[in-house]
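Chemist: Which chain is which? The protein sequence lines are F and S, in order.
Mapped onto the working numbering, the consecutive letters of the first sequence carry residue numbers 1 to 585.
Mapped onto the working numbering, the consecutive letters of the second sequence carry residue numbers 1 to 284.
Think of the hints as simulated: they come from the structure by calculation, not from any bench.
Fair warning: there could be bad hints in the mix.
Stated by the list, open to error - Below 27 Å or equal to it, Euclidean Cα-Cα: the simulated BS3-like pairs (lysine-lysine) are:
(1) F:Lys185 - F:Lys164
(2) S:Lys179 - S:Lys213
(3) F:Lys164 - S:Lys282
(4) S:Lys217 - S:Lys179
(5) S:Lys41 - F:Lys409
(6) S:Lys249 - F:Lys63
(7) F:Lys163 - F:Lys125
(8) F:Lys383 - S:Lys282
(9) F:Lys158 - S:Lys282
(10) F:Lys467 - F:Lys158
(11) S:Lys282 - F:Lys409
(12) F:Lys403 - S:Lys179
(13) S:Lys249 - F:Lys452
(14) S:Lys249 - S:Lys217
(15) S:Lys11 - F:Lys409
(16) S:Lys217 - F:Lys403
(17) F:Lys403 - F:Lys383
(18) S:Lys11 - F:Lys403
(19) S:Lys179 - S:Lys249
(20) F:Lys163 - S:Lys179
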Amino acid sequence: MAGQADLDFSFKMGGEAGYGIAQSGMIFSKACTRMGLHVFVNNEYPSLIRGGHNTVQIRVRAKPVPGHTETVSMVLALNRKTMDDHEKEVLPGGVILYDADDVKDTKKERGDVSYCHIPLLALAKEAGGERIMRNTVGLGAAAAFCGLDVGIMNQLIKEGLGKKGEALADTNIRAAKLGYDFAAKNYDTKAFGWKLSGRAGEPPKMLITGNEAMAMGAIRAGCKFLAAYPMTPASAIMHYFAANERECSLVMKHVEDEIAGINMAIGAANAGVRAMISTSGGGFSLQTEGLGLAAMTETPVVMIEVQRPGPATGLPTRTEQADLHFVINAHQGEFPRLVVVPGDAEECFYLTAEAFNWAERFQLPVIVMSDKYLAESFFSHEKFDQSRVTVNRGWIVGEDWLKAHQPFKRYFSTENGVSPRVIPGTAYGIHREPSDERDELGSIDEDPQVRKVQVERRLRKFASVQKEVPAPALHGPAGADVTLVVWGSTKGPAIEALELLEKQGVRANVMQFVYMWPFPEAAEGLLREAKRLVLVEGNATGQLGRLIRQQTGIKIEEKILRYDGRPLSAEYIRGGFTSLKGGRA
Amino acid sequence: MVTLAELNSGKIPDWCPGCGDFGILNALKRAMMDTGLPHEKFYLVAGIGCSGKTPQWLNTYSIHTLHGRALPVATGAKLANTDLNVIVTGGDGDGYGIGAGHFLHAMRRNIDLTYVVFNNLVYGLTTGQTSPTSEKGFATKSTPFGVIEVPVNPLALAIASGATYVARGYAGDIVHLSKLIADGITHRGFALIDVLQPCVTFNHKNTYEWYQKTVYKLPETYNPADKMAAFQKSMEWGDSGIPIGVFYKESRPTYADELPQLSTPLVKQPIDNVDIDRLMQKMI
């Protein structure tokens, strides 16, 4: 097989919810990152708590991993369904670990794959555990094949279960060892073609989800208040805030509904702290009302919208990128807002932190969009660079300024549209902030000239933001024959697809839209320079394509779209490209 | 300490002549003066409706919000800066109708707010439709054949939901009302002051004349610490008499009291360089 530098190993664990798959997945993944390797972990699960079919897929490389693959080298099947559904994904030479006492009468259709019976249940019991510990036995067996560092694995079991008691950790370590020994004794594990070997001297890596990176970015930026209502796939953001509430001195309010959430965030931000909400599309629907209040009172709030397939309840635990136009257009009337979409965990961190600067500098709502695939997948990443996050609170005036500028005109007209803001409680700054149209003092006023001045001032803020928003990011070779136009979590799979296309003789690059609204002015030139544009999106109608056409008149005819609730992958993009008219370059 | 002159915004209220809201506005100003609290620490939050315009006629920090959403905005502001004295104004439709969910939960939390409800038993600014407190049978533009539902009982709801100061005032008795509001402001916890407010334009049943005859003050002997007595009193309504005064009062830690991270108000905590190294270390 290929050498360590080309290592590309994917391991899928599957079983019913409640089988401990997520925990085993974390142990395996963290063991890999501690060995100095890079990982990407994605999970698929239905909307239920017990039963169903859950999978965790860990992809390991010696270099950064942009996304998952549609194929795997090893499967641990804790139930029949895992075997049936994922047998076909195993690469030639791969193995399927299963318990023949449990998973019976399977077809075993693949002649090029090893089916390795491991008595998971019997060994779990031998270790002193129960059925729930089968995953740990499987973990040990997997380690025997792929060379996962057993010492590190045992250490992680201790760290993970230590809180529940040393005895439980010891039982699990025993179970893992029994699995390891059984595999090593009964199978030619040495012949397995994918071997993980430690890379000494590698900087330590975090294992972090998009959700966690966003929450962390917000905390670094000084966000002190999050109001949220549980909703998959955004809930982990509220969990992260809640867990760190006291250590980081902030407030996470679990609210009665998302309407209360946005309004509390507006109240907190209006009172002078950095505040945000986190939700999915359904919650954002309820918050469209508050979005306009933030815009009208010019209160800086950050809103995180983690997409999932809609409409209505849709596919609650799956992925999609279909809320772009909704988010850009939500709420009645015309007003400025900023919409930004990170493409990986690193961007989740820095762009969420920066969202607070945008919000305060321009006194407007900023929406940071994500999706299930980005939000709940784990990325391995070195610690983020804190020095890259700076706090810019915009134009907040204090007592001295106010004394010299009486009466205080909260909404007076300026060139860039931004008016002075004051923290309530400050002497000499008393003023009113109505949700009605108002004059520069904050008095409700329906005079046509006042209305015109205020509308134009608010829209000047939009123009000011537009001048500053960065151009779409370009990845891959300049002047390529094909440009894949993407946004959000499609970034990683699209970048990886470039290698696959290259092998087919297609020289392609990726244009990633990050700042969506205001539409970046530099985008049109970049799009016009490209030789052949292919849109790649996780929705059925090509929403970014529609936005591009609306803003530039450029119509992208060629589209690779995915809307089955599953994430785009490099292979899917290559397949989609090949199916395009003239897809073969 | 704030003076009457300082509280005037210079704007002339655009309410109907004779509206009960004038009495409430005057009582509110007087209450703010009587508390002796500093001018710039008052933060008013208003809903939508005739009552929602109240902050316009006052010179204080204020935010005018959306229909039914004043309480969550006020909650966020109070949690952000516990030094602010947050007063919320709204009407019966705003608080007991569209905002009823928030009303209930704000009281459970015992968030330290003073909520003054201008309760005129009808929708005014939208020109006369039924409200959640309209009496059964009341005919309006939206209920020409009479209201079918029974009215919301805001006081009983408040007592049951965990409010720690529950009072009812009458817009026609400014001295009495201003005392109820001032005590609500100084009370630590959620204070509801439901105010009977005649709507001279759209409610021709619950008029000044009717209230003058029916309203009576809770006697000195009434004990507002007695929750069951408070429930009983809150059920009194109609021609035979409507009690006003403090129905229920208790001392319970506020929501903010239970958050140790608020020992310094959030708004005063430095954010220029929040070190997250420990958070990142935990992820390795």
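Chemist: Please go over all the hints and tell whether each is borne out by the structure.
Modeler: Evaluated hints:
1. Simply put, Lys185 (chain F) and Lys164 (chain F) have alpha-carbon atoms about 32 Å apart, too far for the 27 Å limit, and the pair is violated.
2. About 22 Å separates the Cα atoms of Lys179 (chain S) and Lys213 (chain S), which keeps this hinted pair within 27 Å; it holds.
3. Between Lys164 (chain F) and Lys282 (chain S) the alpha-carbon distance is near 18 Å, which keeps this suggested pair within the 27 Å criterion.
4. Restraint check: the Cα-Cα separation between Lys217 (chain S) and Lys179 (chain S) comes to about 13 Å, which is no more than 27 Å; the hinted pair holds.
5. With a C-alpha separation of about 19 Å, the suggested pair Lys41 (chain S) and Lys409 (chain F) falls inside the 27 Å cut-off, and the hint holds.
6. Straight-line distance between C-alpha atoms of Lys249 (chain S) and Lys63 (chain F) comes to about 65 Å, which puts the hinted pair past the 27 Å bound.
7. Between the alpha carbons of Lys163 (chain F) and Lys125 (chain F) the distance comes to roughly 22 Å, so the proposed pair stays at or under 27 Å and holds.
8. With a C-alpha separation of about 10 Å, the suggested pairing of Lys383 (chain F) with Lys282 (chain S) holds against the 27 Å cut-off.
9. At most 27 Å may separate the alpha-carbon atoms for a hinted pair to count; Lys158 (chain F) and Lys282 (chain S) meet this at roughly 15 Å.
10. This hinted pair does not check out: Lys467 (chain F) and Lys158 (chain F) have alpha carbons roughly 53 Å apart, beyond 27 Å.
11. Between Lys282 (chain S) and Lys409 (chain F) the CA atoms are separated by roughly 47 Å; this puts the pair beyond 27 Å, and the hint is violated.
12. Between the alpha carbons of Lys403 (chain F) and Lys179 (chain S) the distance comes to roughly 34 Å, so the proposed pair goes past 27 Å and is violated.
13. A C-alpha spacing of about 49 Å is found between Lys249 (chain S) and Lys452 (chain F), which places the hinted pair above 27 Å, so the restraint is violated.
14. As the CA atoms of Lys249 (chain S) and Lys217 (chain S) are separated by approximately 16 Å, the hinted pair is consistent with the 27 Å bound.
15. Distance hint between Lys11 (chain S) and Lys409 (chain F) is fulfilled; the C-alpha atoms sit about 16 Å from each other, no more than 27 Å.
16. Pair hint Lys217 (chain S) plus Lys403 (chain F) does not hold up; C-alpha atoms about 46 Å apart against a cutoff of 27 Å.
17. Distance restraint check for Lys403 (chain F) and Lys383 (chain F): the Cα-Cα separation of roughly 45 Å exceeds the 27 Å cut-off, and the hinted pair is therefore not satisfied.
18. With a CA separation close to 22 Å, the supplied pair Lys11 (chain S) and Lys403 (chain F) stays within the 27 Å bound.
19. Annotation: proposed proximity of Lys179 (chain S) to Lys249 (chain S) holds, straight-line Cα distance about 15 Å (limit 27 Å).
20. For a cut-off of 27 Å, the pair hint linking Lys163 (chain F) to Lys179 (chain S) is broken: about 55 Å separates their Cα positions.
Consistency note: the structure conflicts with the earlier hints numbered 1, 6, 10, 11, 12, 13, 16, 17, 20.
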